[in-house]
Amino acid sequence: MTHIPLSDRLYDRQNYVLIVPLSHYQNNNIGCNSYFLIPKEDWLQNRDNPEGEFHLYLTTYEEGKISLLLDSQGERQLWKIQPVAELNSYIAI
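Numbering-wise, this note's numbering puts 165 at position 39 of the sequence shown, and it's gapless, one number per residue.
Watch out, some of these pointers could steer you wrong.
Claimed, not checked - Heads up, simulated BS3-like pairs for lysine-lysine below, C-alpha to C-alpha not over 30 Å straight-line: (1) Lys191 - Lys206; (2) Lys191 - Lys166; (3) Lys206 - Lys166.
Claimed, not checked - Label pairs and their computed distance ranges (CB to CB): (4) Leu170 - Pro147: 18 to 26 Å; (5) Glu177 - Ser215: 13 to 21 Å; (6) Asp174 - Asp134: 32 to 40 Å; (7) Leu136 - Glu177: 30 to 38 Å; (8) Leu136 - Pro176: 32 to 40 Å.
Bear in mind the hints are in silico, worked out from the structure with no lab data behind them. Every residue, glycine too, gets a C-beta built ideally from N, C-alpha and C.
Use the sequences and the hints to build the structure in full.
If you want it as structure tokens, here you go:
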């Protein structure tokens with residue numbers, strides 16, 4: 127389930143990166159609740175910055191298509207903010 131064709135990625139690929147927990151990827155255990163979107167600038171930031179943080183946004187996975195999960199007002203659903211040191215716990219797919 128790790129391969130999602132670009133045509134089925136229904137989000138702004140210029141500004142977001144699709145990631146999954148590294149442990150899920152390594153164990154070939156990626157479920158529909160394992161996908162997150164992270165702003166590209168968060169993903170590309172300097173990982174040596176101890177004060178940095180990144181934002182993980184929830185996704186929806188329906189009929190093989192993935193997109194940002196939006197609330198009733200059309201706003202992105204933030205799952206959590208984590209310290210930059212945790213970026214190594216995820217992999218871009």
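Worksheet item: Going back to the hint list, which numbers does this structure go against?
Response: none
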